[in-house]
Amino acid sequence: MPMYGDLGNKLVQHAKRTQNLAHLPAYQTELVRAVTREVRDLDRDTKNLLEPFQGSFDPSADQATACTLLVNHLAMRRNKRCLLAYHRTRTDKLEELVWNGVDVLDLAGQQAGGANGAGVADGGAGGSSSLSPQEEDYFRQYGDLLAAYKGQWTDIDLTGSLEPPRDLFIDVRVLKDAGEIQTEYGAINLTKNSQFYVRQGDVDRLIAQGYLMKLG
Amino acid sequence: MDIDDILREVDPTFHAVPQEKRDLQDLTRAWVAERSAPELLPWPANGLFERINDAIKRQIEKVEEMTGDMDPKTNFALIVIQTELERYRYLVRSFLRARLAKIDRHALHYLSTDALRARLSDVELAYATRHQALLHNHYLSSFLSAFPANLQNLNDTAGGMSMIDAPDLETAVFIRLLKDTVVAGRGVDSDADVDGRESDIMILRWSDAKPLVEAGSAELV
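Taken in sequence, the protein lines are chains A and B. For the record, in the first sequence the residue sitting at position 156 is 156 according to UniProt numbering, with numbers rising by one throughout. For the record, in the second sequence the residue sitting at position 1 is 1 according to UniProt numbering, with numbers rising by one throughout.
Everything labelled a hint here was simulated from the structure, so no lab data went into it. Note that the structure is a prediction, hence the values are computed from the model and not measured. Hints are not guaranteed to be accurate.
A few chain B positions that, by computed beta-carbon distances, are all more than 12 Å from chain A [said to hold, decoys possible]:
hint: 1; residue: R117
hint: 2; residue: A166
hint: 3; residue: F174
hint: 4; residue: A192
In the PhoX-like style, the derived pairs of lysine-lysine whose C-alpha atoms are separated by at most 25 Å in a straight line are [as the list claims (entries may be wrong)]:
hint: 5; chain 1: A; residue 1: K16; chain 2: A; residue 2: K150
hint: 6; chain 1: A; residue 1: K150; chain 2: A; residue 2: K93
hint: 7; chain 1: A; residue 1: K150; chain 2: B; residue 2: K62
hint: 8; chain 1: B; residue 1: K62; chain 2: B; residue 2: K102
hint: 9; chain 1: A; residue 1: K214; chain 2: A; residue 2: K192
hint: 10; chain 1: B; residue 1: K102; chain 2: A; residue 2: K93
hint: 11; chain 1: B; residue 1: K57; chain 2: A; residue 2: K150
hint: 12; chain 1: A; residue 1: K150; chain 2: B; residue 2: K102
hint: 13; chain 1: B; residue 1: K102; chain 2: A; residue 2: K16
hint: 14; chain 1: B; residue 1: K62; chain 2: B; residue 2: K210
Each residue gets a CB set at the ideal place from its N, CA and C atoms; glycine is no exception.
Bound-form chain A, shown alone (with noise of 0.2 Å):
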């Protein structure tokens, strides 16, 4: 029988690993059955032991029983925080995305074509989503969010480059067909390997997205 907290030592892994991917893996579905399972499973065993004392448990007395109900509270919350770690590592990456203006339908996009660049699709996943069900209904929610909290800085884009302007203009390749876009200074229409030189404001969002690159 493996160890307790040995599955949630995995989902850590999987976490840290995460941490350090430009995509999303796979959303570990069985790993956190297991996890939760396990929890339901001490807690059980946990009221099993107490039942015979009938609320009048004194550890001194049987310490044997006291260690063990001690090592499967422990091994239930420490499951607990391996749960939330990895969610929280989800969700933060999550919220990235939505930060740079990913779409869901961008995403279910990407995942149907295939991984590429910064998409959240995983290659191996065979069209299959990466995102658990929860996870696409926060990543709607926090999209949400962020729009009606950004709905109050109407004038400043708060997704804007974090990076401090130096240039009004700025020169850019098209790195994809980004179709025509509307500048104060007429239309540009944006097809692949051509080049610009735009107000920066009016392209931030195409950098971040990856049609163009900043050049210089």
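Go by the hints and put chain B onto chain A.
Below, chain B alone, put in the same frame as chain A:
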């Protein structure tokens, strides 16, 4: 009297500069302080951000007005104004994002007491509350709901260990003294009091620097 008044008092140029310029100074100061302090600082309460928002709005309108003009002189002015506008926006954006990052990291901590909640602006408070609710819901639907009832909380403090993570107040910060004052710092082996002079720059623990900053004797750099 709050810290901004004090900061303004120690600022020798206070009476000479117009409101807009002072706002920009305040904003820049708030921005520098927020980015260097390990914990969330109180939201600037004196209507600073309302004024800044108005100023940004006015400049945007001006830019729109001037865009139609083809006169090269206006064009040059336009570029100057736009550059200034972008920088203004950057300051506000970076300031807000720095705050949000801190709030996200320790949401439960900042929501836990009224004193801490008071540091957030109304909008931030709404954001933090909602965000925390979303997270809790997400945990619940992902795994917590299958847990025994006594383990479903996110803010347990049982067993001498709090689940609420708080920012590390012992992190080192740099401060610049705004007036001569005694700086008391706690060290690893021994504590030391240093006679500080105006415009001295020091590095010390935030928990030691905080009273000085709040009293207006020092600012974060």
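Against the structure, the hints:
1. The beta carbon of R117/B sits about 17 Å from the closest Cβ of chain A, which is more than 12 Å, so the claim that it is off the interface holds.
2. A166/B, annotated as away from the interface, keeps every beta carbon of chain A farther than 12 Å; the closest lies near 16 Å.
3. Every C-beta of chain A lies more than 12 Å from that of F174/B, the closest at about 19 Å, which supports listing it as non-interface.
4. With a least CB separation of 36 Å from chain A, A192/B remains clear of the 12 Å interface cut-off, as annotated.
5. Of the supplied pair hints, the one linking K16/A and K150/A is violated, its CA atoms being roughly 31 Å apart against a limit of 25 Å.
6. For a cut-off of 25 Å, the pair hint linking K150/A to K93/A stands: about 19 Å separates their Cα positions.
7. Between K150/A and K62/B the alpha-carbon distance is near 23 Å, which keeps this suggested pair within the 25 Å criterion.
8. The straight-line distance between the Cα atoms of K62/B and K102/B is roughly 35 Å, outside the 25 Å bound, and the hint therefore fails.
9. Restraint check for K214/A and K192/A: satisfied, since their Cα atoms lie roughly 14 Å apart, inside the 25 Å limit.
10. Taking the CA atoms of K102/B and K93/A, the gap is about 16 Å. The hint holds against a cut of 25 Å.
11. With a C-alpha separation of about 16 Å, the suggested pair K57/B and K150/A falls inside the 25 Å cut-off, and the hint holds.
12. With a C-alpha separation of about 17 Å, the suggested pairing of K150/A with K102/B holds against the 25 Å cut-off.
13. In summary, the hint linking K102/B to K16/A is supported, as the alpha carbons are separated by about 21 Å, within the 25 Å threshold.
14. This hinted pair does not check out: K62/B and K210/B have alpha carbons roughly 41 Å apart, beyond 25 Å.
Violated hints, in rising order: 5, 8, 14; the structure is consistent with all others.
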